[in-house]
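Assemble the dimeric complex from its two separately framed chains, guided by the hints.
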Amino acid sequence: MILQTDRIAGLLIATLGLVLLFVVFPFAIEDMDDGSIKPDTVPNAIAAFLVVCGILLAIKRGVRTKRDTRELILVLLYLAIIAAGLFAISHLGFLIVSPFLALAIMLIFGERRPIWLGLGCVGMPAIIWFLVIQVLERSLP
Amino acid sequence: MVDLDTILAGLSDAFTLWNLCFVIFGVVLGQLVAAIPGIGPVMAIAIAIPFTFGLDPLPAIAFLVGVCKGGTVGGAIPAILINTPGTPDSAATALDGHPLARQGKPLKATKLALFSSVTGDTFSDIVLITVSAPLAILALRMGPVEVFALMVFAFAVLSGLIGKSLIKGAIAAALGLLAAMIGADPENASPRLIFGHFELFDGLPLPAVALGMLAISEIVTRLARNKGISDAAINLSDDGDPANQRVSWAEYWSCRYTMLRGAIIGTLLGATPGIGSTAAAFMSYSSTKAASKDPESFGKGNIHGVAATESANSAVVGANLIPLLTLGIPGSVSAALIISAFMIHGIQPGPMLFKEQGRLIYGLFGAMVMANFLNLWIGQIGLRLWIKVISAPQSFIYISAIMLCIVGVSMAAGGMFSVVIMLIFAMLGYIMNRYEFSIVIFIISFFLGPRFEISIAQSTSLMSGDWTKIIEYPIAVALLALSILMLFLILRRSNPTTPAKG
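Going down the list, the sequences are from chains W and A. According to this note's numbering, the first sequence holds residues 1 to 141 in order. According to this note's numbering, the second sequence holds residues 142 to 643 in order.
Here chain A stands alone, though its shape is the one from the complex (with noise of 0.2 Å):
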């Protein structure tokens, strides 16, 4: 589908000086915010999201990705060092990274994590760079009616899969739905939920809504519990001894079944949408420490407990992308963020997107080839550096982020009105995140609201009106039918009598 000269031109286009400067700097953000707990890269795409307006697509979505990728490496520093994951998907790193530390080998283990995740993360990219492709054309083969029964499987699995119920899922996923019905209705373009006011005509901004969920309702939370001013705590203290200073080859060598078997696990879980590195990295470090013939030194300063983990949650991060380029369905939220970047430039994703814009997506690879070996070299020279930076204060950190996010919003969107629906989101995020119901459902459920509408609308026309002629298509059948199979082992595996909290 995609001819050679188009690779080719791809990532020529990809590996320039200005790109390539786009990315570094991307690295750089991404380690940084990752590294300072409470912040992380997801939060900071979002932020960084509107700042790309004026530049060109490729170096915008570089720049993007590299933020994705250095956020990868970022997590684990203060999961290691102060026992404080800086991403939730670190949380397993410092099971073994933080007793390690303690043990004088924290830079030992920073480097372990980091050599990890580059490894899981290159694993990834590969795989989503031979199979996004051929997916894609397979992808090219489904009708309206494919696209709204995938639509359907993919709900089903973010409600079952995300989060602790799956009715809570539902209803996150229902209210996003129900968001994304704000604005012109796609088939008769009437106003629909705007209340007199035309600049909703065009839906609720993306920006406005990912900003208001993710970022100011996690800050404005972190404000009201924070209990008294507090610096982060980092102290990088080693035995002097330089073994325990570095990685030897043995030792990169020992983990290599380790790194590959959280690789496999991260690009698989990482493919499906809704499930997320944090799952991955999770169930990376159970089955190596179930392989191990040590498992009693899991948890007290195992290197391969850091291996797993990070190796697993790095490899979600391209493996993320596989639905997003192939059927346009985000994986992650930063995947809808990513998704959401290309839209402003004028991309719609999906598996038109390999023949519409074939060498954009090749340089996106290319820039992802990049940004992998940045990582491994920024990281290397930035550890103590970000560690140096992660100890500026909250109180300054948070409004910063709160000033960025007012600025970038209001570029991106529009003006003040759209800070004000980011507001009126912020709100929303809080509720629910109180109760739990969740926000990463929500804005995956109102990123893909107005295609499953229009797939709808398509279904019915196509069928007539006549929804049992679905019989007609047998991938469409199938995927219900999935989806319903899926459900009911979600059902079966919950549990009915569900502990009291608090």
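So that you can see chain W by itself, here it is in the shape it has in the complex (with noise of 0.2 Å):
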């Protein structure tokens, strides 16, 4: 399916630009006197900025692109892989977790051969906690 996507992407630039000036900077910045400029002040400006540009590239006659759905969902799919990773390590330790996460990332990806998988998953955790524990003297995740 093809869309104009600028214009799409005018629009929503434009909305988020509103949505911050009326709703989020009103609940999320405190209100102060002091000072030359309010908190408030730059965001605002930036906020109808963003606004007036969106509006521009909405009108503006821009690029259609291709949607490439399977690429998105790809994306999608290794952030998450990632941010479970992440959740993981958070509570099991990076040295546990990244094994894990770089097999499941690296089998994804399409990796079969077994000396490029171990170097991944045990060789690559192994160096970061040599350089980080034993030569930087730092904590890991």
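Careful, some of the hints might be misleading.
[Said to hold, decoys possible] Pulled from the structure, derived: some chain A residues nowhere near chain W, Cβ distances all over 12 Å:
| id | residue |
| --- | --- |
| 1 | Leu145 |
| 2 | Asp146 |
| 3 | Ile148 |
| 4 | Leu307 |
| 5 | Arg366 |
| 6 | Tyr393 |
| 7 | Trp394 |
| 8 | Arg575 |
| 9 | Ile631 |
[To be verified] BS3-like cross-link-like pairs, simulated, lysine-lysine; straight-line CA separation at most 27 Å:
| id | chain 1 | residue 1 | chain 2 | residue 2 |
| --- | --- | --- | --- | --- |
| 10 | A | Lys252 | A | Lys441 |
| 11 | A | Lys430 | A | Lys441 |
| 12 | A | Lys434 | A | Lys252 |
| 13 | A | Lys529 | A | Lys252 |
| 14 | W | Lys60 | A | Lys305 |
| 15 | A | Lys610 | W | Lys38 |
Because the hints were derived from the structure by calculation, they are not lab data. Computed from a predicted structure; not experimentally measured. Every residue gets a Cβ at the ideal spot worked out from N, C-alpha and C, and that includes glycine.
Printed below as a string of structure tokens:
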């Protein structure tokens, strides 16, 4: 399916600007009278600028981009795996989780050679452990 | 402004065995990662910054400069050998470099790229070392109003010259500034847009934002676009003629004007925020072709084509530091990342840097000189080795980079919360890339955001809230007029009927 993506992006940007101006900023920025400018002065100006630019982008004749649903799904899948890995790391630690995280990503990517799977899942976490713990004397997540 | 004792002390700080080791490590890493299509020196710098935490400022920055400079050499290797540029700026190198490799002269082409790269880089370093201190003196005379106008000018240049659309550039700049608004406001220190997460009180951590947008978003995109396992098919074949495996002095000398032209173009464009090394390489290539008596030979393996592009794209690296060291405005993403390394080590870039940290700056210059020599030396002995190493499969390279990003951000920005921020910005980076909003503008604007807001607040205070008084500041007025003129010229140049894509 082909969409005129710039128009949609422009409308989304303009909507984002309006939502920030009238919904988010009044709620998430405290009003202070001290100082030469208020805390919401610059954010409001930026949001208003976004509204103007979004409308201009929507009006202007822009580019058409073919939607690549497969790529989007795969990107979301990889990000979801990394997010799950981060959740696990926060509970179990990097050293326990990283081999499984590496294995999952490498397998989905299509890697099947045992030597490279071994290097990715065991070798790289070991190198990171040596670098961070032994050389830099810092802690791993 | 900087006395001779400080300069000598800085240089003696730089020329130590300890620093030499870090510069060597940086150059090796830079050449290696730039030779791997998909990683590149910018991502390597972003990943490396958190690992420099425990170091003193000079070895840390020397290491990052080494990565930057090594990257200028490494990117040409896959461009010449497999017609796949390791970095965008070496795309022009492939135009003549790859035909040379196909003619059985891959070593000649890669060695000429190395020599041209080091020549261009050395030229721009000499300009940097010569002009930055006097420019910093001029910059010190600028008050908040002039700084505000200068930043507006920088945003206009960035929005207009990076990317395909001025409006999209402006939106990317606004989004970057918006992200910079998260955290305590600089005037009242009241929390803004933190939604109860007090980890955000100091703002979004730059390493998390930069790594998310530059590294993770790029890696997941490449993972998703890959169709099956593909190793880098690098084959270093030559015809056995020794003359085709080396660059003679006569050949190098015949390219002297080409390299000089490339170095001047690279230095001028590098000193202008936002233009970047890719534009410099193509501009140098086309001007060399236009000036040539034999333009038809370009694109078919002319050594001047390789010399023109490599001298220009490498000259950008040193020149990029001119606005950074004198004004505190980064000229590129790699400069923005180096600036963040300065800040991690408690150093505030800008015109005061020469006064307050003169010794460190001249130490940095010393490290840059070392890096140039090492680039040449390591490039000559490392070429065949890089070709072996970069044959590692993408799956291994990408997962290694992901793990380094997670650990690096956790170390640099204090825990898993920052890693989650990195992931959020990876998604934003992917969306922005997909819809052609420049990530480079976003990151530079994000970096400049707090200073921009402070300059607005100080200017408002200075002018008692009456912005019509800006006419009393001629430099600021001139800069603002220049910004408007720049935008007008860009709008006039741009084609209103953009062709359909896809």
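Verification of the hints:
| no. | hint | result |
| --- | --- | --- |
| 1 | Leu145 | holds (36 Å) |
| 2 | Asp146 | holds (34 Å) |
| 3 | Ile148 | holds (32 Å) |
| 4 | Leu307 | violated (9 Å) |
| 5 | Arg366 | violated (6 Å) |
| 6 | Tyr393 | holds (39 Å) |
| 7 | Trp394 | holds (44 Å) |
| 8 | Arg575 | violated (8 Å) |
| 9 | Ile631 | holds (14 Å) |
| 10 | A:Lys252 / A:Lys441 | holds (18 Å) |
| 11 | A:Lys430 / A:Lys441 | holds (12 Å) |
| 12 | A:Lys434 / A:Lys252 | holds (24 Å) |
| 13 | A:Lys529 / A:Lys252 | holds (17 Å) |
| 14 | W:Lys60 / A:Lys305 | holds (14 Å) |
| 15 | A:Lys610 / W:Lys38 | holds (20 Å) |
In the structure shown, a violation is registered for the earlier hints numbered 4, 5, 8, in ascending order.
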